[in-house]
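Trainee: Produce the entire structure from the sequences given, and follow the hints as far as they go.
In order, the protein sequence lines correspond to chains H and R. Heads up: the first sequence at position 298 corresponds to 298 in this note's numbering, and the numbers run straight through without jumps. Heads up: the second sequence at position 233 corresponds to 233 in this note's numbering, and the numbers run straight through without jumps.
One or more of the hints may lead you astray.
Treat identical chains as interchangeable: a pair holds within one or across any two.
[Unchecked claim] Only pairs whose alpha carbons sit at most 20 Å apart, straight line, appear in this in silico SDA-like list of lysine to any residue: (1) Lys289 <-> Arg192; (2) Lys361 <-> Thr180; (3) Lys396 <-> Asp206; (4) Lys308 <-> Asp401.
Everything labelled a hint here was simulated from the structure, so no lab data went into it.
Number of protein chains: 2
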Amino acid sequence: MTRSNALYAQSGGVTAVINASACGVIETARQHRDRIGRVYAGRNGIIGALTEELIDTNKETRRAIAALRHTPSGAFGSCRYKLKGLEQNRREYERLIEVFAAHDIGYFFYNGGGDSADTCLKISQLSASLGYPIQAIHIPKTVDNDLPITDNCPGFGSVAKYVAVSTREASLDVASMARTSTKVFVLEVMGRHAGWIAAAGGLAADADMDLPIVILFPEIPFDADKFLARVDGMVRRHGYCSVVVSEGVRGNDGKFLSDQGLSDAFGHAQLGGVAPVVARLIKQGLGLKFHWSVADYLQRAARHIASKTDVDQAYAVGKAAVRFALKGHNAVMPTIERLSNRPYRWKVGLAPLDKVANVEKMMPRNFISRDGFGITTACRNYLLPLIKGEDYPPYKNGLPDYVQLRNMPVTKKLKTDFEIS
Amino acid sequence: MTRSNALYAQSGGVTAVINASACGVIETARQHRDRIGRVYAGRNGIIGALTEELIDTNKETRRAIAALRHTPSGAFGSCRYKLKGLEQNRREYERLIEVFAAHDIGYFFYNGGGDSADTCLKISQLSASLGYPIQAIHIPKTVDNDLPITDNCPGFGSVAKYVAVSTREASLDVASMARTSTKVFVLEVMGRHAGWIAAAGGLAADADMDLPIVILFPEIPFDADKFLARVDGMVRRHGYCSVVVSEGVRGNDGKFLSDQGLSDAFGHAQLGGVAPVVARLIKQGLGLKFHWSVADYLQRAARHIASKTDVDQAYAVGKAAVRFALKGHNAVMPTIERLSNRPYRWKVGLAPLDKVANVEKMMPRNFISRDGFGITTACRNYLLPLIKGEDYPPYKNGLPDYVQLRNMPVTKKLKTDFEIS
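Mentor: Below is the structure:
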């Protein structure tokens, strides 16, 4: 058995649990020093690989690496950068091979969503295309929950839990105020293309807790009249109502609802936010007092209320990625396979990367209620196990005791710099 | 010793822990059935007292009342309604006396902020002014932390913890993304007049965690040039920056920064939100990519991340209110007295209500750093004990197991209805 080094990199929008996957990779690799010499991390993802800005994770203590499991965000830095095809940008691939060769990289672990699956696939083909022997394993991560084959994506369960908990809490709040003040609360959540995150708002109400919730999915073209009628009905029956709106909701014209040509007194375009747009419609159409919130990064960074299922799975796919690599796999991705719902049981499976890259998994239509404003029992059964369990970080002085790594650089060996295009 | 009933009512914006005060009141009253017959609650605060819509808390199980301690929002409904002076609206006071007399109310507990302290004071004077014997005790509650005499207000510590935790988490997130994407994150928090809540954002960074945070306080007139220079410096040094902005920030002209005359393509006024205004300034002035969030109700409803100090104190002031009443007090408010900082020790004190009503406690200037964008050590020492400790609610199916009370009505005894003006 030969020994070589590993390169781990984080990609795209970060999550509450992507560092748990990093923890799984590094802890597992450290148990196999005969095969994996050192684990390097790309500073700011694949960009660090291109610019030879590598981080030596061996310089981190066992305790610091363990703390990654309860620390949100991307500890080594992430990036939004998609490698073009080999034909369009051969110099990037040649540069990667230079860096890999200089640092004896034999394993590449790329932790990201759909775009990074594509990048990882291209790197996995370097052996065949450019003659550099490497095993590339993709580790799934995305709050959007839109990767195919895997039952769910690490990162999603914790956002779903945050949105479900927050919707429950804010609904109780507005219920208290509705007699003389706010009657509608609007919460904007992520999900540019798929309504998975918005759907989680529906979990706030259940057999134990009767709360009126209207969901706006990106999958359902927005119909203002139907929506207002629905809100009006809820407020008449319950006295109040919560609206969970996906940032990706579009009108019948296909345009994002958030892109309504808002501008200030000077004619400057106003920037983003579908919640205020929906709130204004409610005010104008129904005359109801409202409050609105935009969760934005708070939802995906909220490690303090992470789902235990999600943390466990994020760690497990990191660990599995190393095991798969040691077994000789290339161009694969560990997946989550659901074995049963009650009790919820799952295991790690394996998917070929060419079946993952550039495929987006949308919400099945039968997860959205017929009227388009709620979730079905099928959806609830799918979602509930993913938000199950709490996995609280340790606290110090009233605040979560998250880790900031030392992130010591690996000495550069190449004489050339590389400009990111 | 005579026995009479008690009326408890919640007032103003609700919090993560106002129900813990309700729990303290009801549990303590139940231990003194020789003196307090039944505890009624006003449905939607003082409005329920005026309309004779009372809730019989004796119909709730011991278990349900105990669960109030971990349930956010106002379990009996709250209201925004301030009684006018006796001269201006004598009929309201006469009506209250009718309702009190019909239901043998001898104790009135009003749980709220500055406005309700004023209402409670007026009711405490009914014995003298209209000859109806009643003891009125005010129980402090406000996320704004602006009541005088008391060292802090129940409700504030949990919002402060939420803001500190969220700022820490979102800052780590933007730090991960800054190389190729978002460089500035803007979080809008509550605090129309005082910067207490915004100040809590400053706790996110400490000796253990180096995070660049800029705070915009309502106490400091907004200076766009100074602000942009500050953000620019932070981004140059750290690569990114978080901005915590109070909803109450005003420009030099005294106008709210959120009130910038934004309008949509049809000329409709755009509704609220200072975060997008600040974000646009950053984009226009520095050309930096940003994200923004508006926490709104999420921050004050976030019982899932409540401060243990806050929960304990909210419960304690509820309990103390009943004890003070049984000792014969009238027109008083239990307060929190800080005995020491390290270790943090506190006890419940007593303030005369006429010294509380209509007095607003602002942030001391020496709590804000000289440049106006941060907190001082004095401020940190004040705030830290208030966010200390976690007091997690129980969970069921991945969600907090909050209680919804039965809220059974007390049979009306009066023949007349009452119109709320």
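Trainee: Confirm or reject each hint.
Mentor: Verification of the supplied hints:
1. Lys289 <-> Arg192: between (27 Å within a copy, 18 Å between copies)
2. Lys361 <-> Thr180: neither (43 Å within a copy, 26 Å between copies)
3. Lys396 <-> Asp206: Between. Shortest inter-copy distance 11 Å satisfies the 20 Å Cα cut-off; intra-copy 34 Å does not.
4. Lys308 <-> Asp401: both (18 Å within a copy, 17 Å between copies)
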